[in-house]
Amino acid sequence: MQKSNIVSWERENEIGILSISNGKENYLNVPDFLDIYDLKRWMEEEGLKGVLITGIGRNFSAGADLDKLKSLVASANKLEASLNKGKEILDYIEDLNIPVVAAINGLCFGGGLEIALASHIRIASERALFAFPETNHGLIPGLGGTYRLTKILGKNAIELILSGDMINADKAKELALVHTIANEKNSQQFAMDYLKRLVADRPVEVIHAAMKAIRNADTMGSDQALKAETELFCNLAVNINDHEE
Amino acid sequence: MYKVLNWHIKKDIGYLEINNPPSNPMDVTFFKEFYWWRTELSEKKEIKAIIIYGKGRHFSSGAVLSDLLGIINRRHQKDGDIQKVSSFLNQNSKLFYSLKELNIPVIAAVRGVCLGSALELALCSDYIVCGEKAVLGLPESTFGLIPGCTGTYVLPKLVGKALAIDIILSGQTFSPAEAKNMGIVQRVVPTKEVLKHAEQIAERLKTRFYKELKSI
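Going down the list, the protein sequences come from chains D and S. Count the first sequence with the numbering used here and you get residues 0 to 244, in order. Count the second sequence with the numbering used here and you get residues 235 to 450, in order.
Calculated from the structure, these hints are not laboratory results. Warning: the hint list may mix true and false statements.
[Unchecked claim] Just the calculated beta-carbon pair ranges, DEER-fashion:
1) D/Asp-222 <-> S/Tyr-444: 16 to 26 Å
2) S/Lys-279 <-> D/Asn-167: 48 to 58 Å
3) D/Lys-67 <-> S/Lys-318: 26 to 36 Å
[As the list claims (entries may be wrong)] With a straight-line Cα cutoff of 25 Å, these simulated DSS-like cross-link-like pairs (lysine-lysine) come out:
4) S/Lys-312 <-> S/Lys-278
5) S/Lys-391 <-> S/Lys-426
6) D/Lys-211 <-> S/Lys-334
7) S/Lys-430 <-> D/Lys-154
8) D/Lys-170 <-> S/Lys-391
9) S/Lys-237 <-> S/Lys-318
10) S/Lys-318 <-> D/Lys-172
11) D/Lys-172 <-> S/Lys-328
12) S/Lys-282 <-> S/Lys-430
13) S/Lys-430 <-> S/Lys-440
14) S/Lys-237 <-> D/Lys-226
15) D/Lys-226 <-> S/Lys-430
16) D/Lys-211 <-> S/Lys-318
17) S/Lys-279 <-> S/Lys-328
Glycine included, every Cβ here is placed at the ideal spot set by N, Cα and C.
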């Protein structure tokens, strides 16, 4: 097991596990909750087909430690630099060409929810709770959360962001914020089994191509995305032909 | 004039039947004829809506893998340039996606199997009516490929990233009820009534439709 700031990394064969570990609530002491260079190093490991993000213990993450955040706010320059680093980490996670699944137990607030939103698929335990409490403190989500949440929830994002209210797993499922509710207290094993099933029989090349193509739907117009899709398809097809000769 | 497509117009509705039963596969001839149909026949003033369906029990089993791999392989060996192969094949995607450039609604009436490129074609229509026993899915990843005819672009727009990854990487088929839940199909009806419902919807949409509804 390796560590970077409050995050640890371990492998379970083809799957890598990023665990957030900081006290009971897994507070993010700073927006850049791990070192991006460590993250990149881990993601470049051989044979990696998927990543599970989870919080150690009963909560995913309750988000920013308000006292720490306030001291950061006191120095606007520092805050902006730290937020930008945090954004860079989340953008990197979102852009990964292997599926990233967040297994969410308990609290998933603020920065914790930002991490979950940068993941591709969210699986929650029955008792998971979601919120963006930033507006209660005169702030808004600062790591891309307003954008990502709106992409997923449409106009329903407005209420969640402006009210700062909590929603439970059922409501999150109804809003399509959550893909599946694990019918057990701990979502981690459920999410792990799901992710393993998803990638087990798929070669790394197929996973990369599928994830890239799906990502393109977000970032490209139709002409460009369709062109890229055909190219990814042809590259895989040529490989199949080579194998069969 | 057509071998695997039938096209007829009844009053102001155009009917495009995929006619290669029982499974109506999308082979090289299909894509050729679909191109002719799209460029020469689909846009006529008197047509106010289009219904696409399969002859017999199935919509279509999708692209014929050996055809596709054959084309790609031959072209690749000839040119040695994957870009060229790809831009040739990209015409099929453009063709399906061009249903969105029509000013009239396109309704897919889906019975039986609707897999791979067949589902991609249906996803490029504006409304899917689905028989309750239909089988839907994008199984490409189970044989080492990805959907290559608009699926990876259109599906995430429709159902979001999480579900799109799930459907595309798992390659698992799903039921019409699940498809309706996910927002992929709009109406599920008894198999025998699929065409009747498609006509009803065509009638209703044809006078009120405007092109902007096609944007996803």
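| task | Given the hint that S/Lys-279 pairs with S/Lys-328, test it: the Cα-Cα distance must not exceed 25 Å. | result | 23 Å, holds
| said: Checking one constraint from the list: CA of D/Lys-170 to CA of S/Lys-391, max 25 Å. Satisfied? | reply: With a Cα-Cα distance of about 22 Å, the restraint between D/Lys-170 and S/Lys-391 holds, given a limit of 25 Å.
| field | Given pair status - S/Lys-426, S/Lys-391, alpha carbons within 25 Å | value | 31 Å, violated
| task | Measure nothing beyond the straight line between the CA atoms of S/Lys-318 and D/Lys-172; if it is 25 Å or shorter, mark the hint as holding. | result | The hint is violated at about 44 Å.
| query | Do D/Lys-67 and S/Lys-318 keep their Cβ atoms within the hinted range of 26 to 36 Å? | reply | Roughly 56 Å apart at Cβ, these two residues miss the hinted range, so it is violated.
| said: For the hint 48 to 58 Å, verify it against the beta carbon of S/Lys-279 and that of D/Asn-167. | reply: Holds, at about 54 Å.
| query | Given the hint that D/Lys-211 pairs with S/Lys-334, does the C-alpha gap stay at or below 25 Å? | reply | Status holds; Cα separation ~24 Å.
| field | D/Lys-226 paired with S/Lys-430 [C-alpha distance capped at 25 Å] | value | Since the Cα atoms of D/Lys-226 and S/Lys-430 sit roughly 36 Å apart, the hinted pair is violated (cutoff 25 Å).
| said: Hinted pair, alpha-carbon criterion (25 Å max): S/Lys-430, D/Lys-154. Please report holds or violated. | reply: 35 Å, violated
| Is the straight-line distance between the alpha-carbon of D/Lys-211 and that of S/Lys-318 25 Å or less? | 20 Å, holds
| message | For a C-alpha distance cap of 25 Å, please report whether D/Lys-172 and S/Lys-328 respect it. | response | 35 Å, violated
| query | At the C-beta level, are D/Asp-222 and S/Tyr-444 separated by a distance inside 16 to 26 Å? | reply | Taking Cβ atoms as reference, D/Asp-222 and S/Tyr-444 lie about 23 Å apart, which means the hint holds.
The structure fails to meet hints 3, 4, 5, 7, 9, 10, 11, 14, 15 from the earlier list, while all remaining hints are met.
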